[in-house]
Amino acid sequence: MPGPCLDLRAVAMRYGSGAGAVEALASIDLAIEENEFVTIVGPSGCGKSTLLYLVGGFLLPTSGSILLGGKPVTGPGPDRGIVFQRYSLFPWLSVRGNIAYGLDEKGTRRAERDRIVEELVRLVHLEGFEDRYPRELSGGMQQRVALAQTLACQPRILLMDEPFGALDAQTRRILQDELRRIWRRDTKTVLFVTHDVEEAVALGNRIVVMAARPGRVKEVFNRDFAVPEGGEFDANPAFTALKLRIWRSVKEEVEAARA
Amino acid sequence: MPSHTDRAVLLAALNRAVPVALILVVWEAVTRTGWVNPYVFPPVTEILLRWVGVLFDGTVYPPLWDTLWRSLAGLAAAIAVGVPLGLMMGRVRWAEWFFEPLFSFGFPMPKIALIPLYVHWFGLFHLSKVMLIFTDCLFPIVLFTYHGARGVSPIYLWSAQSRGTGRVRMLWRVVLPLSLASIYDGVQVAVVVAVLVAVVSEMVSGGGGLGQLMIRAYRYGDVNTAFAALLTISLLGFVLYKAAQWLRERLLFWHVGEA
Amino acid sequence: MTARLALGLSRLMPLALLLAAWHAASSAGLLQRRVLPPFIDVMAALGGLIGSGEIVPHTLASLARAGTGFLVALVLGITLGLLMARIRVVERFVEPILLLVYPVPKPALIPLFMIWLGIGDFSKITVIALACLVPVVIASFNGARGVDEMLLWSARARGTSERALLWRVVLPAALPQIAAGVRTAIAVSIIVLVSSEFISSEAGLGYLIFSYGGVGADDAMLAVVIYLAMLGYLLDRLYVGLLRRFMAWHAFAH
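Protein chains in written order, with the numbering used here: chain A, 1 to 259; chain B, 260 to 518; chain C, 519 to 772.
I should point out that these hints are in silico values taken from the structure, not numbers from a laboratory.
Computed from a predicted model, the values in this text were never measured in an experiment.
Just so you know, even glycine gets a beta-carbon here, dropped at the ideal spot from N, CA and C.
Be a bit skeptical, because a hint or two may be false.
Which bits of chain B does chain C cover? Going by a derived footprint, with three or more residues having C-beta under 8 Å, they are [said to hold, decoys possible]: (1) 353-364; (2) 372-385; (3) 451-459; (4) 487-494.
Residues from chain A that face chain B, not an exhaustive set, calculated with beta carbons under 10 Å [what the hints assert, rightly or not]: (5) Arg86; (6) Ser88; (7) Phe90; (8) Gly102; (9) Asp104.
Given these sequences and hints, build the entire structure.
Here you go:
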């Protein structure tokens, strides 16, 4: 029985030293299995993004270990793809160029590369926009390209840092649905950070609630029921109940932080 | 059928031409009345006649060519050396530590003062001029590139890293395009500097070129030719600057925001 | 205080390293005397020039020329720029002229001005003034243009006359941008100064460089070049320092 896909053991992150040190994360233990979609919610300052960056290898923890498929994480790499909220695309490359970026870095042959790019363009419903540049695309479209760009590298785990946070509510719903559809088709392991509880429940089959000061895992919820296609979950009582439970948990932390 | 905006542009251009035309008319009138010594201040028409004359009899082309290619050669060398150097300074610690103070200290120093030294080292003809232009253009290019590279958002770099880009490739694959706007600002400054340095060094140390043509004309009392040379120099500077601007639009078409 | 000192010293290190390399190369015989004289010889020459006071009249001559031209351009340029920004007619008239003057390398005008105004200081000062005028006018114009209209409205509402408005409100608001243009003008003044002294003069730092270079007195020539570089650096630093003191009320990013 292979171990978890992603294993965080006693991961802590401290900034500064001595009296003025800030403990961004205090001993996080988290195990994520293959093909799980895990969402992380919490008040601002709880370190959820920091956690993501640690997994991504952009930051190094002050203590603890992060193992991906049993191997320790020492730096960034294509096995951990990341989609950021902003500045997610390279402005000087077209949609095609952006998606092909990781493939070019790998040295993929032209024909193969073009095939993959084509496939991904279709996957994110951007046919006809292949030669457009980021400045010509709407926020929602840009994030689709960012997702395609990340998927092109076939990462072991997909990291997403509030990717829909800068978009309007409508576009957000549409993209959540798209993401769910894509995940169902090519199941992957996903670690998704958000401050939106509804989004967390709609997407994740496991929802991690974090607390702030210091950042730590407070509670973990499981979504045992399926979310209907098309995202019509407002009328679903199980959904609303879970959402309420999680919201209460998060609210406690928000209020505690304010105190 | 000229559009409304075409007419507006034409009107604006005509508007601008009026004060210039006015000055030219006054100039012509004053010089014709004999108040001013025509030897010292020739009438506009004489100058233009002489200018057209040198264009046709070919006197102006060898010196024009000299000044032009020296400026471009020096500029090209400055870009070839300055851009990689500036990029390195922007992202590599030790490069910044070593070079930034050197360029900061050197900036306020008039590199023109090195003309006698460069003549001593490189002779009176092309090489000393090109080396001087290279030295003078290096500063704005390095400094603008450096600032551009420093200002690159780390999110882009993280994105690139998680798509498999190594440290060295990062510089020219990611940092360079993102700094291009700033680099180009430096190039535009450098273009003006290049012509200026070319002309001054030709005026001071001879060796062909429009600067020498102009000084010789003055020495032989041929004021009309001197003015014609001056006019050619100004046009050269103007054309190169406009060419640089035109090229900018083609290179930076993808750029968003403060270009 | 010590942190700043440490930073300052650390920034001097690369320069010190280069000078050390120069010295080492000369001592080792790798660098021939006729290509580049040893650093100590150059420093000795500099010491001699300063100690004997020989450099003083030349420094004064150069500074006087550059300074006068610069100051004239400062006063004229700011006034012109501000007027251009607030009075349409002035802008319409001056802008095309500026556009014409801009691509002309000002040192190229030196022989012309010498014919018009004689070979003395006056011609040089005029060219320097003209060269410095461009960055100052452009900066003043842009600065004045960028002034928040609300500031002007509230001043007018308080009874400020149009004239007073210019000096009391527009000028202070435009100062940061003007300050940047002035800094460029300082550098420009030195460049045009040296160019003009190369072309023709009998005194001044540029003249010294040119004449020493002409007779092959390389160590003296380099000594003056270094002296000039230090002077340029000091003037720039002095300007920035003055700016910081008098413009503490403006958020500055230098």
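Tested hints:
1. Interface restraint, the stretch 353-364 of chain B with chain C: holds (8 residues with C-beta to C-beta distance below 8 Å; minimum three).
2. Counting residues of the stretch 372-385 of chain B whose beta carbon lies closer than 8 Å to any beta carbon of chain C gives 8, which meets the minimum of three for the stated coverage.
3. Check result for the stretch 451-459 of chain B against chain C: holds, 5 residues qualifying (beta carbon to beta carbon below 8 Å, three or more required).
4. With a cut-off of 8 Å between beta carbons, the stretch 487-494 of chain B has 4 residues touching chain C; three or more are needed, and the interface restraint holds.
5. A hinted interface residue such as Arg86 (chain A) counts as satisfied when its beta carbon comes closer than 10 Å to some beta carbon of chain B; here the least separation is about 7 Å, so the hint holds.
6. For Ser88 (chain A), the suggested interface contact is upheld, since its CB lies about 7 Å from the closest CB of chain B, less than 10 Å.
7. A hinted interface residue such as Phe90 (chain A) counts as satisfied when its beta carbon comes closer than 10 Å to some beta carbon of chain B; here the least separation is about 7 Å, so the hint holds.
8. About 4 Å separates the beta-carbon of Gly102 (chain A) from the nearest beta-carbon of chain B, less than 10 Å, and the hint is met.
9. Proximity of Asp104 (chain A) to chain B holds as hinted, the smallest CB-CB distance being about 9 Å (cut-off 10 Å).
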